[in-house]
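All chains, full assembly: derive it from the sequences and hints.
Given next are the chains, with one letter for each unit.
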Amino acid sequence: MREDIHATVEIVGPEGVPLSFPRATLAERFVAFALDLVILVSSASLVLLLFLLAGLGVGSLAVVGVGLVFMFLIRHFYFIAFETHWHGSTPGKRLMNLRVVARDGAGLGTDAVVARNLMRDLEIFVPLAIVANPEQVFGPGPWWLLAPTVIWLSVMALMPLLSRDRSRLGDLVGGTRVVRIPIAELPPDEAARSSQPRQSRRADTLAFSVAQLSFYGERELETLAELMRKADQGKATDDDLRVVAQTIADKVGFDGPLPARRPARFLRAFYKAQRAHLERELLFGKRKASKFDEG
Amino acid sequence: MSGEERRMEPRSVAFRREREGQWFELELLVDKALRGGLRSLEPAELHRLPILYRVALSSLSVARRTAMDRALLSYLEALAARAYLAVYGARRSTRGALRRTLFATFPQRVRALLPELVLATGLVALGTIVAVALMASEPGWYDAFVDPALAGGRDPHASTETLRAALYGGGEQGEGLAFFASFLFVHNAGIGLLCFSLGFAAGIPTALLLFTNGLMLGAFIQLYAERGLLFELGGWLLPHGIPEIGAVILCGAAGLHLGRAVLLPGRRTVRSALAWAGRRGSTVVLGSILLFAIAGLVEGIFRQAVTDDLVRYALAAFNLAWFVPWLALAGRSEGAS
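Those protein sequences? They're chains A and B, same order as listed. Be aware that the first sequence starts at 1, since it is given in this note's numbering, and climbs by one per residue. Be aware that the second sequence starts at 1, since it is given in this note's numbering, and climbs by one per residue.
Calculated from the structure, these hints are not laboratory results. Note that beta-carbon positions come from the ideal geometry of N, C-alpha and C, so glycine has one too. Possibly wrong hints are sitting among the right ones.
Listing some non-contacts, in silico: residues in chain B with all C-beta distances to chain A over 12 angstroms [as the list claims (entries may be wrong)]:
(1) E42
(2) E45
(3) L46
(4) L85
(5) T101
(6) T105
(7) L114
(8) S159
(9) L198
(10) L229
(11) G241
(12) L263
(13) A321
(14) A328
(15) L329
(16) E334
Derived DEER-like restraints, expressed as beta-carbon distance ranges [stated by the list, open to error]:
(17) G21/B <-> L50/A: 47 to 57 angstroms
(18) G21/B <-> F284/A: 24 to 34 angstroms
(19) D239/A <-> T269/B: 48 to 58 angstroms
(20) L95/A <-> F318/B: 15 to 25 angstroms
(21) T269/B <-> T223/A: 34 to 44 angstroms
Structural data, given as structure tokens:
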């Protein structure tokens, strides 16, 4: 069962604009949960140990009782407290850059956080306890009662693997999704740079006709933008550019020595003109996806 | 469009140039908010954030329709998504949120569960009646109904004196009973939480759990009734029993509501019915944990200190006097949320 790491979660915010988030992968969520579990178990054990020692020291069982209550609160409210106060994240989620969002796009309410985390106990801790010691959880019971229970519980626990969008049970009940915080990076605009050296603006050599610009579509434009970005970073040589420039010149019927002599300059000018052309067409409602798209 | 030649700048270049400054400003605010929460923003920044967020959203909408620059588009998608997380990541709690939850939302949502509440109460009552009837014919059933760990020596083999002592156990035993009370709180609240979450399985495990809790209650009642200690048991049970059994029933009703969403989602999809039921139910469960805590305090402290039956009954009456009006009346005047 391979997971699509580029899967997205679409959420329509209160403004009515659909937003797209990268969906957190099961692996990421598992690691985040494991980190949280380590923190949770160690803090709960520490609290229990402290109260146990204090109880022995004072010689009072009541103190141990208070420790018991604290453990209960940590077990059930660790996730709830963090997710309500840390904007839908816990220490583990924060390290993995994950966030809980409400599926309906409204703010993440406390009731949703509580609902999704009440289910967590059933999904994870109860099956773990059963695996560890089935007798203690169920008590003696007839097999026809135990078997469906075990099956049902495993279906619940394996829900993230079985459900279409990798939601766990708590996400279904809370109406939430777990997303990865996307990284926003804006590279320089390839069309904003001047395609010609400032001293010699010989614009006439770098004009394209409508016919020449009608050959390629959106996909080729994007490929070209990527190539130029690579060239900016020094990952593409002049020879690479020359091959592409020559190909384009041949295809669109551009005459002249420029593609061979100054491929970078030619490509930039072509990119700019092509993008301007496609955007203009888009304004008229015509979208050309690729060179095979006849519109 | 003059002639054949095209040398103009793409529109998206100017589009980006004009708005870039605001995007970058938003980026900085969002970075800060995602790192330290909205609280880390200055008042002026807090004021700018939603404005810039809407700028980014409108830029995104325009870019989706007009820009032929995927780098720009994916930047705006990511920026808007990040800003959404910063702005709507959590519903900010307003002044008096706790008061409103306790005295309006919680009782309102309890009342909204009326059919499930009736069913849950019926299941507990059924369990009680069954246990009483079975034990009346054969006391041996007791062991099947009550977990020995919870019985603490109170079983049909115990002498009447032992049973009576268990009702008034204080003094030397006090310390141990305080521990026992917090153990009971953890145990009972755990059962309450399970009552809710197990409801997902079409409500069946929740119904079973409610029924077995009724069995346990009935077994106790019959055990003491047989020895003529019913009145004394009432004084022992009712003060904490009202919030505690009430809380079990509330959690059970929330669980049955979940089950109903799975079985009978109505016009909605199962998914949205579940989310709806889960969110409403979770408020009820949270309130119930408070009830379990109150029950635990009554059990752990009050019952140790007070051994007089009449005072115990007085507290039971007092508990009933706040419990019922709270759930039945509180928040009626405020709009449902």
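Taking the hints in turn, this is what the structure says about them:
With a cut of 12 angstroms on Cβ distances, E42/B stays outside the contact zone with chain A, its closest approach being about 18 angstroms. With a least beta-carbon separation of about 16 angstroms from chain A, E45/B lies farther than 12 angstroms from that chain, consistent with its non-interface assignment. Non-interface call for L46/B relative to chain A: holds, since the shortest CB-CB distance, roughly 14 angstroms, exceeds 12 angstroms. Interface exclusion of L85/B from chain A breaks down, the closest Cβ pair being 5 angstroms apart, not more than 12 angstroms.
The Cβ of T101/B does not lie farther than 12 angstroms from every Cβ of chain A; its closest approach is about 8 angstroms, which violates its non-interface assignment. For T105/B, the condition that its CB be more than 12 angstroms from all CB atoms of chain A is violated, with the nearest at approximately 8 angstroms. Every CB of chain A lies more than 12 angstroms from the CB of L114/B, the least distance being 19 angstroms, so the non-interface label holds. With 12 angstroms as the threshold on Cβ separation, the claim that S159/B sits away from chain A holds: the shortest Cβ distance comes to roughly 25 angstroms.
Listed as outside the interface, L198/B is inconsistent with that label: its C-beta sits roughly 7 angstroms from the nearest C-beta of chain A, within the 12 angstroms cut-off. The claim that L229/B lies off the interface holds: its Cβ sits roughly 27 angstroms from the closest Cβ of chain A, which is beyond the 12 angstroms cut-off. Interface exclusion of G241/B from chain A stands, the closest Cβ pair being 20 angstroms apart, more than 12 angstroms. Every CB of chain A lies more than 12 angstroms from the CB of L263/B, the least distance being 15 angstroms, so the non-interface label holds.
Here A321/B stays apart from chain A, with its beta-carbon at least about 27 angstroms from theirs, past the 12 angstroms limit. Look at A328/B: its CB is around 22 angstroms from the nearest CB on chain A, clear of 12 angstroms, so calling it non-interface holds up. Under the 12 angstroms C-beta cut-off, the non-interface status given to L329/B relative to chain A holds; the minimum distance is some 22 angstroms. Listed as outside the interface, E334/B is consistent with that label: its C-beta sits roughly 17 angstroms from the nearest C-beta of chain A, beyond the 12 angstroms cut-off.
Restraint check, G21/B to L50/A: a C-beta distance of roughly 54 angstroms satisfies the suggested window 47 to 57 angstroms. The supplied range of 24 to 34 angstroms is met by G21/B and F284/A, whose beta-carbon atoms lie about 30 angstroms from each other. For D239/A and T269/B, the Cβ-Cβ distance of about 57 angstroms falls inside the hinted range of 48 to 58 angstroms, so the restraint holds. For L95/A and F318/B, the hinted distance range of 15 to 25 angstroms is not satisfied, since their beta carbons lie about 49 angstroms from each other.
The hinted range of 34 to 44 angstroms is satisfied by T269/B and T223/A, whose Cβ atoms lie roughly 41 angstroms apart.
This entry does not satisfy hints 4, 5, 6, 9, 20, going by the numbered hints stated previously.
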